[in-house]
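Protein chains: 2
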Amino acid sequence: MSEIVTAGILVIGDEILSGRTKDKNIGFIAEYLTNIGIDLKEVRVVSDDEAAIIEALDALRARFTYVFTTGGIGPTHDDITADAVAKAFGVAIDYHPDVVARFRQRFSEAELNEARLRMTRIPDGAELIDSATILAPGFRIGNVIVMAGVPTIMQAMMDIISPKLKSGARMLSESVKANAREGDIGTPLRAIQDAHPETSIGSYPFLDEDARPNTNIVVRSRDADKIRAAMIDVETMLAALKTVKP
Amino acid sequence: MSEIVTAGILVIGDEILSGRTKDKNIGFIAEYLTNIGIDLKEVRVVSDDEAAIIEALDALRARFTYVFTTGGIGPTHDDITADAVAKAFGVAIDYHPDVVARFRQRFSEAELNEARLRMTRIPDGAELIDSATILAPGFRIGNVIVMAGVPTIMQAMMDIISPKLKSGARMLSESVKANAREGDIGTPLRAIQDAHPETSIGSYPFLDEDARPNTNIVVRSRDADKIRAAMIDVETMLAALKTVKP
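These protein sequences, in sequence, are chains A and B. If you're matching positions, the first sequence starts at 206 in the working numbering and goes up one per residue. If you're matching positions, the second sequence starts at 206 in the working numbering and goes up one per residue.
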């Protein structure tokens with residue numbers, strides 16, 4: 206059996222906590238990790254505060270195979286992620302010669318001010334996450350992957366770093382729309398879950414187009430056969446429900 | 206000066222971590238809390254796992270004035286929030302007579318199955334968050350407010366519980382579109398932040414309609430005069446930038 210590979214996400218930014226900016230990165234990374242066989246186990250959102258960043262980062266990196274951070278690597282005073290990560294790892298941080306060289310090609314001497322140079326500061330020993338289209342690079346140090354907060358840039362960074370990550374057997378899923386209220390299927394669904402302990406069965410209520418309560422049932426496992434076996438029981442249960450109804 | 210009131214959010218649900226469901230509650234609650242003068246300090250997302258829920262809940266409730274949870278209060282086997290909260294508080298949990306009575310009015314004896322009755326289980330000593338339009342009630346116990354994961358229901362619950370919460374002086378903000386790249390304003394913006402320590406100045410890069418890099422600057426404080434003073438410096442700085450440009 207392949208190894209289980211786990212991850213945490215750390216979103217860094219006052220603007221998310223104030224509600225001013227609505228996060229779009231958690232959902233993207235979550236789906237991305239599922240698709241490459243990495244289990245996302247926990248997400249934390251903290252403010253632009255060094256102590257808060259370090260505490261959350263240390264908790265997550267001790268616990269999971271990988272930690273993905275977003276936000277706080279830009280040129281302004283509130284961008285403190287790189288420094289906080291260096292401090293968490295107990296390493297120095299300095300202007301990275303390769304990044305500085307690229308910035309010198311891109312910017313005039315007048316443009317290459319203190320703020321822009323801040324974006325070239327990378328913790329010692331980190332590997333850059335970089336491409337021709339990315340200005341401020343992300344980086345990886347140990348099991349921590351530091352990425353931009355701007356969704357398009359973060360997404361480009363995920364594409365660069367993901368082939369270098371180990372991944373486990375992919376979590377598979379099948380889903381079915383129950384056409385039943387969650388309360389009508391909860392009891393038999395629990396029995397099906399108990400009978401198929403190597404699957405994880407989720408039940409997600411929603412209102413359908415006619416504003417009637419409906420439910421999506423999702424069966425997840427790394428083994429397609431185990432999913433199918435559980436799903437057959439789910440389908441049998443749902444069919445039985447329909448014949449009972451008036 | 207009014208007290209600072211803080212909060213954490215705990216989102217509970219495998220479906221968020223798998224990426225299957227994109228969370229819409231964090232942004233809503235974040236904005237809601239800002240508007241009523243409560244500072245959101247941290248968000249965590251955990252799976253439908255009792256140990257994970259209790260650990261996160263205990264960490265957040267020890268640290269902040271309030272904790273808002275979403276998800277896991279429905280009728281199915283994966284809805285374990287009420288039990289986890291009872292365990293975290295060390296109290297018993299049982300079928301709540303008022304909620305059972307309401308369910309009896311609403312459902313036939315056949316419909317009032319084990320799954321539906323699960324939704325009437327409320328930790329001892331909790332106060333219901335309930336209305337005629339809410340089926341499964343939320344509840345408040347200590348400083349923890351337990352709400353549904355379905356956004357429309359969660360939002361109704363926020364409206365019910367929020368008048369009962371203490372709130373601090375509201376965090377105010379002013380923002381301005383810089384019409385400048387973040388790297389061009391980072392250095393002077395840091396000087397302005399240093400000169401106005403009782404404000405919090407954020408800088409948020411984005412691509413404008415013409416796909417050109419632009420920046421929103423946001424000044425936040427509980428004191429409108431302090432915001433204005435900092436914003437005057439920001440505006441002066443931006444005007445100076447424009448006269449320098451070719």
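Misleading hints may appear alongside valid ones.
Any copy will do: because identical chains look the same in the list, a pair fits if it lies in one copy or spans two.
Quick list of in silico lysine to any residue cross-link-like pairs, SDA-like style, CA-CA up to 20 Å [unchecked claim]:
(1) K227 with A264
(2) K227 with Q360
(3) K447 with L317
(4) K447 with N318
If you're looking for bench data, these hints aren't it; they were derived computationally from the structure.
For each hint, the structure was consulted:
Proximity of K227 and A264 under a CA criterion of 20 Å is satisfied in neither setting, with 25 Å inside one chain copy and 24 Å between copies. With identical chains, the CA atoms of K227 and Q360 are at most 20 Å apart both within one copy (16 Å) and between copies (16 Å). Taking identical chains as interchangeable, the C-alpha atoms of K447 and L317 lie at most 20 Å apart only when they sit on different chains, with a minimum of 18 Å there against 69 Å within one chain. Within a single copy, K447 and N318 get their C-alpha atoms only as close as 69 Å, which misses the 20 Å cut-off; across copies the closest is 17 Å, which meets it.
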